[in-house]
Amino acid sequence: MKKEFVIALASQPNIGKTTLFNTLTKSRGYVANWPGKTVEVMQASFEFQEKRIKLIDLPGIRSLNALSEEEKLTKEFILSKNYDSLILLADAEALEKTLYFVVQVLEITNKAVVAINKYDEAHSLGLHINKEGIEEKLNCRVVEISALHKINLNQLVLEAINASSKNGEEAIRINYGSLEKEIEKISKILKGYGVEKPRIASIKLFEGDDSFIKSLSNEKQKRIKKEVERIKREFKKESGRSCEEKIISERYRFIEEVLKKNVTYVKVAKKEISEAIDKKIFSNFYFGFLFSLIVLFSTIFISFSINTGFPLNIIFRTFGNEKLAKEVEELSISSLLSRFFDWFSQATNSFLISINASEELRSLIIDGLIAGFSSVAVFFPLIFIVNFFMGIVEDSGIMSRSAVVFHRITSKFNLSGRVVFPSTMSLACNVPGIMSTRILESDKERLASSVAIPFIICQARLVVLLFLTSIFFSSILLQAGIITLAYALSFFAFVLAYIFVSRIILKQKEKVELIEELPNYHFPSLRVVFWISWERSKSFLTKIALVIIPASIIIWFILHFGINGYTNSIDQSFGKIIGEFIAAIFPFKLQWQFGLSLLTGFIAKELVLETLAISFNTGNLAELSSKIAISKAEALAFIVFSMLYTPCVASLAAISSEKSKKAAFLSLAISFFFAYFFSLAVYFLFSFLA
Amino acid sequence: MIPLTEAKLNQRLKIVKIEGECGSLERRLMELGLAIGSEVVVKDKSYGPIILEVHGSKIAIGRGMALKIFVEVLE
Numbered sequence: 001m002k003k004e005f006v007i008a009l010a011s012q013p014n015i016g017k018t019t020l021f022n023t024l025t026k027s028r029g030y031v032a033n034w035p036g037k038t039v040e041v042m043q044a045s046f047e048f049q050e051k052r053i054k055l056i057d058l059p060g061i062r063s064l065n066a067l068s069e070e071e072k073l074t075k076e077f078i079l080s081k082n083y084d085s086l087i088l089l090a091d092a093e094a095l096e097k098t099l100y101f102v103v104q105v106l107e108i109t110n111k112a113v114v115a116i117n118k119y120d121e122a123h124s125l126g127l128h129i130n131k132e133g134i135e136e137k138l139n140c141r142v143v144e145i146s147a148l149h150k151i152n153l154n155q156l157v158l159e160a161i162n163a164s165s166k167n168g169e170e171a172i173r174i175n176y177g178s179l180e181k182e183i184e185k186i187s188k189i190l191k192g193y194g195v196e197k198p199r200i201a202s203i204k205l206f207e208g209d210d211s212f213i214k215s216l217s218n219e220k221q222k223r224i225k226k227e228v229e230r231i232k233r234e235f236k237k238e239s240g241r242s243c244e245e246k247i248i249s250e251r252y253r254f255i256e257e258v259l260k261k262n263v264t265y266v267k268v269a270k271k272e273i274s275e276a277i278d279k280k281i282f283s284n285f286y287f288g289f290l291f292s293l294i295v296l297f298s299t300i301f302i303s304f305s306i307n308t309g310f311p312l313n314i315i316f317r318t319f320g321n322e323k324l325a326k327e328v329e330e331l332s333i334s335s336l337l338s339r340f341f342d343w344f345s346q347a348t349n350s351f352l353i354s355i356n357a358s359e360e361l362r363s364l365i366i367d368g369l370i371a372g373f374s375s376v377a378v379f380f381p382l383i384f385i386v387n388f389f390m391g392i393v394e395d396s397g398i399m400s401r402s403a404v405v406f407h408r409i410t411s412k413f414n415l416s417g418r419v420v421f422p423s424t425m426s427l428a429c430n431v432p433g434i435m436s437t438r439i440l441e442s443d444k445e446r447l448a449s450s451v452a453i454p455f456i457i458c459q460a461r462l463v464v465l466l467f468l469t470s471i472f473f474s475s476i477l478l479q480a481g482i483i484t485l486a487y488a489l490s491f492f493a494f495v496l497a498y499i500f501v502s503r504i505i506l507k508q509k510e511k512v513e514l515i516e517e518l519p520n521y522h523f524p525s526l527r528v529v530f531w532i533s534w535e536r537s538k539s540f541l542t543k544i545a546l547v548i549i550p551a552s553i554i555i556w557f558i559l560h561f562g563i564n565g566y567t568n569s570i571d572q573s574f575g576k577i578i579g580e581f582i583a584a585i586f587p588f589k590l591q592w593q594f595g596l597s598l599l600t601g602f603i604a605k606e607l608v609l610e611t612l613a614i615s616f617n618t619g620n621l622a623e624l625s626s627k628i629a630i631s632k633a634e635a636l637a638f639i640v641f642s643m644l645y646t647p648c649v650a651s652l653a654a655i656s657s658e659k660s661k662k663a664a665f666l667s668l669a670i671s672f673f674f675a676y677f678f679s680l681a682v683y684f685l686f687s688f689l690a
Numbered sequence: 001m002i003p004l005t006e007a008k009l010n011q012r013l014k015i016v017k018i019e020g021e022c023g024s025l026e027r028r029l030m031e032l033g034l035a036i037g038s039e040v041v042v043k044d045k046s047y048g049p050i051i052l053e054v055h056g057s058k059i060a061i062g063r064g065m066a067l068k069i070f071v072e073v074l075e
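Chains A and B, in that order, are what the protein sequence lines are. For the first sequence, the working numbering begins at 1 and goes up steadily by one. For the second sequence, the working numbering begins at 1 and goes up steadily by one.
Heads up, a few of these hints could be off.
[As the list claims (entries may be wrong)] In the BS3-like style, the derived pairs of lysine-lysine whose C-alpha atoms are separated by at most 27 Å in a straight line are:
| id | chain 1 | residue 1 | chain 2 | residue 2 |
| --- | --- | --- | --- | --- |
| 1 | A | K54 | A | K543 |
| 2 | A | K225 | B | K43 |
| 3 | B | K43 | A | K280 |
| 4 | A | K444 | A | K72 |
| 5 | A | K236 | A | K226 |
| 6 | A | K191 | A | K236 |
| 7 | A | K627 | A | K589 |
| 8 | A | K188 | A | K166 |
| 9 | A | K661 | A | K576 |
| 10 | B | K17 | A | K237 |
| 11 | B | K14 | A | K232 |
| 12 | B | K45 | A | K181 |
| 13 | A | K237 | B | K45 |
| 14 | B | K45 | A | K236 |
| 15 | A | K279 | B | K43 |
| 16 | A | K181 | A | K3 |
| 17 | A | K279 | A | K261 |
| 18 | A | K226 | A | K191 |
| 19 | A | K509 | A | K279 |
| 20 | A | K181 | A | K226 |
| 21 | A | K185 | A | K232 |
| 22 | A | K444 | B | K14 |
| 23 | A | K236 | B | K17 |
| 24 | A | K511 | B | K68 |
| 25 | A | K511 | B | K43 |
| 26 | A | K627 | A | K26 |
| 27 | B | K14 | A | K509 |
| 28 | B | K43 | A | K412 |
Simulated from the structure, these hints should not be mistaken for laboratory data.
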C-alpha cells in the first residue's frame, strides 16, 4: 500500500482554516468521531501528485494551553507523533496575533510549514512581506496563500510533504531574558529524568502546564512542580511580574522582532470600513442593540418560515393574500416532509398487504419504524438552517459585536453576552441551540447553557402550546395571555437553571468578564458555511437517529400491545395503564390521555398532539374540547408541565454528545423538578383564585 | 502611569503593568496581546466596554478588566 501522509491543519479560530480545509479536500471532508472526544474534528483523504494525503482539521485554538476541550485535543495531537507534518495558518491581516499560536507550535516541532492566509487581500491593501526574512527567523518554510481564491495551495501541500522529512526537533528557540537561567535549570533536571524536549517542557511548567512531564513518576512530578512553584514565587517577588506574563510578553517581543524588519504596512483601507460601521452602529448602545435584535429576529423568522411557513403565512393572511399564505405553508419543509412520509407509509402499507404481511408487522413497520424515521427527518432542516445562519452571523463579525452589546444586559444575571445566541436559536429548535453552545468561551458556560437550554420553548412545543390553549380556553385574549406567560416562564426557568448549574454545581464564583475579539467585518463564504453546516447536521442526525428510532419502537410497543397481546385500540394497550400511572403522580385530577401524551412527547414534543388525538379518538378541536374533563386550573398546570417537563430525546442526545451523559441526566432531573414545582404552584394559585 | 480607562482615544499607549493574579482571564487577555510592553490604542469607550486595538486587531474588554491594566503614553 502507498504511504499515506497525515497532515494536520492548526491555527487560531476564524482565520480561514476551515475554508482552506474545504478547498484542499474539495468539500469531501466529514466529521470524524474520535473516541472519547466531544469536540468535532473534520477529516478527509485525497490524492495529490500520486501521493495519498489524509488531512485533519484540528479545532481552532488561541493558545496551546489545556483550558478548553478544543485546546486539550489540539495540544495532545501536536505532542503525539500521529502526523507527518503540520500546516500552521496565520492571518495576513492580523499577523502578530495569529503568529502567537504558530510560534508556540514551532517551539515544539519543526515538522511544519507556515501558511499566511488572505495574503492577496492584505497585499492589495498595502501589506508587504519579506518571506525569506520570516522563513529565516522562524526556521521553517512560509507560503503566502489565499484559501478563498485558491492561490499557492499546491505549493503549500508540497512544502507540507517536504516538512515531514524534518527531524521533529524544536524549530525556534525564544530567549526568555531574565527567566532563561531558571528555565535552563529545570530543563537540565528534566533532561536527567529522560523527558523529551526538556526545554519546552520546562517553559510550559513555568506557564502552569504540566502535560509534558506526565510520563514521570508522581513523586518526580511533585518534586519538580514544587521547585517550579518556589522559583515562580521568588521571580514574582523580585520583578513584580508573574512568570506566565513574562513568558507571554517575551513571545510577543519575539514576534515583533520577526516582523519588524520583514513586514511593512502601508495604510490599510479595509479597516476603515470596519471602523466606520463600528462607529456608526456599535459605538451607541441603543443602535447596536437594535441592530443586533434585528439580526437575531430575522434569523429566527427565516428559520421558522422555511420550516413551517409560520409566521410568514400570518403576515400574508393579514394583508389578505390567502393564496400566498397557503403556498408558504404547503412549500414549508415540514409540510413537504410530512406529505412525503404519508405517501411513503401508504405505499409501504399497500406493498405489505400485497405480500400478505400480518397486521402486527405492518403496524410495526409503519407506526414504529417509518414514524421513527420521520421524527428524525424533521430535525434535519431545523438543525441545518439554524447552523447555517449562525455560521453566517459568526463569520461576518457581527456576532462578537452583538455579544458586546448584549453583555451589558446579560451580565446582570452573570451570563456572558454570547449566551443570547444559542438561547435565541433554541426558539426554533433546542438541538441546534445546544450544538451552538460551542461559540461560548469557557467549558463551564457551555455546560450550564446546554443543561438550561431545554427550558426554552422550541417551535415543536409552540405548536403544542397553541393546540392546548385552544382546546382548554375559548377566549382568544386568554389564549394569547397564556402563551405569553408560558414564554416568560420558560425564559425565567432557563436563567434560573443556568444560575443553578453555574453557581451551585460548577461553583463558579467569579463575575463574568467581557473579553471579546472583534474581527474585521467580511462577507462570509456561503459555500464554506453551507458545507460545514451540512456535514455537522448530517453527523448529528445519525447520532440522534440511533436514539430516536429505538425509542419510537418502544413507544409503538406500548401503544399497540396490552395484557391480551397485540391490540388496535389504545384503550386496551399498556399505554392506558402507563398514562394512568403518569397522571397519578400529580396531586390533582388528570385524564390518562394527558399522562400518556407526556410519555410520547418525550420522543418528540409534537407527538403530544397526535397522542391526544388518537387517545381521545378524535382530531376535531371542538369534539376534543368536549371530551376534556379537567378544570381550568388543572389545564393550566398541565400546560406548564408539558412546556417544561423534559428535554426531548434528541435534545438529550445533543447534550450528551456535546457535553456528557451526566450533563444530559442533570438536564432531565432539573427540568422534571422545575416542571413539577411550577405546575403545582400554578395549580394551587389558580384554584385559590377561583 | 494611568489605568486604561483614563486614556484618551486614538493615543499610542504602552502597557507597563497588569494588576492582580494571573488567572485564566488575565491569561487570555495577555495571549490576545495585552501583555507588558505591548502597544495599544483605545478606539472607543462611549458606553460600558472599552474597545482596544492591539497588534493590529480589535478587542472589547469590560471596564473592570481595563482598570487593572496600566499604561504609559507614547510620543
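Status of the hints after comparison with the structure:
1. A/K54 <-> A/K543: Holds - the C-alpha atoms of A/K543 and A/K54 are around 24 Å apart, at most 27 Å.
2. A/K225 <-> B/K43: Measuring from Cα to Cα gives roughly 42 Å; hence the hint is violated.
3. B/K43 <-> A/K280: The hint holds at about 13 Å.
4. A/K444 <-> A/K72: holds, 15 Å
5. A/K236 <-> A/K226: holds, 15 Å
6. A/K191 <-> A/K236: OK: A/K191 and A/K236 at ~26 Å, within 27 Å.
7. A/K627 <-> A/K589: It holds: about 15 Å lies between the C-alpha atoms, which stays within 27 Å.
8. A/K188 <-> A/K166: Holds, because 25 Å separates the two Cα atoms, which is no more than 27 Å.
9. A/K661 <-> A/K576: violated, 31 Å
10. B/K17 <-> A/K237: Measuring from Cα to Cα gives roughly 15 Å; hence the hint holds.
11. B/K14 <-> A/K232: With a Cα-Cα distance of about 25 Å, the restraint between B/K14 and A/K232 holds, given a limit of 27 Å.
12. B/K45 <-> A/K181: With Cα atoms ~42 Å apart, B/K45 and A/K181 exceed 27 Å; violated.
13. A/K237 <-> B/K45: violated, 34 Å
14. B/K45 <-> A/K236: violated, 32 Å
15. A/K279 <-> B/K43: Distance ~10 Å between A/K279 and B/K43 Cα, so the pair holds.
16. A/K181 <-> A/K3: violated, 44 Å
17. A/K279 <-> A/K261: It is violated: about 33 Å lies between the C-alpha atoms, which goes past 27 Å.
18. A/K226 <-> A/K191: Holds - the C-alpha atoms of A/K191 and A/K226 are around 17 Å apart, at most 27 Å.
19. A/K509 <-> A/K279: Not satisfied, since the Cα-Cα distance of roughly 35 Å exceeds 27 Å.
20. A/K181 <-> A/K226: holds, 17 Å
21. A/K185 <-> A/K232: Holds, at roughly 13 Å.
22. A/K444 <-> B/K14: Violated. A/K444 to B/K14 sits at ~33 Å, over the 27 Å cutoff.
23. A/K236 <-> B/K17: Holds, at about 13 Å.
24. A/K511 <-> B/K68: Answer holds: A/K511 to B/K68 is near 15 Å, not above 27 Å.
25. A/K511 <-> B/K43: holds, 25 Å
26. A/K627 <-> A/K26: violated, 59 Å
27. B/K14 <-> A/K509: violated, 32 Å
28. B/K43 <-> A/K412: holds, 25 Å
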